[in-house]
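Chemist: The chain contents come next:
There are 2 protein chains.
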Amino acid sequence: MDFSSKLLENAVYEMSQLPGIGKRTALRLVLHLLKQSEQRTEQLSSALVQLRSTVQFCKNCHNISDTEHCEICANPKRDASLVCVVEDIRDVMAIENTGQYRGMYHVLGGKISPMEGIGPQDLTIASLVSKVHKGEINELIFALSSTMEGDTTNFYIFKQIEEFQIRTSTIARGIAVGDELEYADEVTLGRSILNRVPFEGSFNSN
Amino acid sequence: MDFSSKLLENAVYEMSQLPGIGKRTALRLVLHLLKQSEQRTEQLSSALVQLRSTVQFCKNCHNISDTEHCEICANPKRDASLVCVVEDIRDVMAIENTGQYRGMYHVLGGKISPMEGIGPQDLTIASLVSKVHKGEINELIFALSSTMEGDTTNFYIFKQIEEFQIRTSTIARGIAVGDELEYADEVTLGRSILNRVPFEGSFNSN
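From first to last, the protein sequence lines stand for chains A and B.
Count the first sequence with the numbering used here and you get residues 1 to 206, in order.
Count the second sequence with the numbering used here and you get residues 207 to 412, in order.
If you're looking for bench data, these hints aren't it; they were derived computationally from the structure.
One thing to keep in mind: the hints can contain errors.
As the list claims (entries may be wrong) - Restricting the straight-line Cα-Cα distance to at most 27 Å, the calculated cross-link-like pairs of lysine-lysine (DSSO-like) are:
(1) Lys-23(A) <-> Lys-229(B)
(2) Lys-283(B) <-> Lys-241(B)
(3) Lys-265(B) <-> Lys-6(A)
(4) Lys-340(B) <-> Lys-365(B)
Chain A extracted, bound-state conformation (with noise of 0.2 Å):
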């Protein structure tokens, strides 16, 4: 593209290193802002810079927090003993948002990936394993993607744990709710029937 502003060459070339972000889309976005206000631009700005340079995670868990520990692990009310192994803080606001759990969480920050050259010392699984150790927790609950760095991760963290004898779940694979059987594919639908429930004549249309 040809732009006729270094200013604006730069702005968008910045814009376009954002992921799923293209340069055209870019263009579209730093127009969108010289339309607006300039306080709008300044507050965008401000929030990011704000965010990157004063973010902290949680002492515990390493979720995302304003304050040492987070809301969740300062939660009195919260299970300690019960602890959900989660790749990053968005599968935490995945599981917060069903109200269905209230344990607390463990945020890995990744899964092992010798191809993108993450291993185990990359993650907080150090620390994981730490408080297994310090006998804190009874039950771990393994929440990562079931892809084979997910099932990876699992493994080497079970293996790190395996001495303790704790408790230690998947969460359930299956169809989703709602979903058509005819659509779903061979292996969810297959693990789901291996794994089956009994059934109890009521059930959770949520």
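Dock chain B against the given chain A, drawing on the hints supplied.
Modeler: This is chain B only, laid out in the frame that chain A set:
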């Protein structure tokens, strides 16, 4: 969404104010920035703020420019008597990218649209008419989109400059080069038959 951090919530809110960026995409973008170096976020922010605070528009054609007159208007090789009327600077870029045009531009900044409350006084029509009035222009090319708003704007400008009797033209509408006739819409195909051009035994494949 339930954020564990006010700073994060604020950044996601500001990001989601951009057109076409929803809350989920905004969260993904913000978390991406968190994984990158602090410098990245600062570069993005300062590029946006700098553009917004120091942006200038060319005094002649109203294109975005870092100087009083944009590169196109300042170029003595361009034909100042041929002016292409466009809606916004993205249209300038699109036409410049073809490399086929050696005249100048006039950026209106929008189209007359009573539905959106945009009248002729909100656009740069007055300065265009004044240029025509001074006798600087031999031909005006209307390159607005062929919507009702675009046609209205064309007609409004035409009425304003009618008395000066300069040449006016609109860009050719027709089937795109390489397109199949069977998939073209009726209006475009119909117009391309009405506005047929002499066959010259050679054609541009580009």
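Chemist: Next step is simple, just say for each hint if it's right about the structure.
Modeler: Each hint tested on the structure:
1. Only pairs whose Cα atoms come within 27 Å are accepted, and Lys-23(A) paired with Lys-229(B) is accepted, the gap being roughly 21 Å.
2. Of the pairs offered as hints, the one joining Lys-283(B) and Lys-241(B) is violated, with about 48 Å between alpha carbons and a cut-off of 27 Å exceeded.
3. Under the criterion of a C-alpha separation no larger than 27 Å, the hint pairing Lys-265(B) with Lys-6(A) is consistent with the structure, at around 17 Å.
4. With a CA separation close to 17 Å, the supplied pair Lys-340(B) and Lys-365(B) stays within the 27 Å bound.
Going down the numbered hints, you'll see the structure goes against just number 2.
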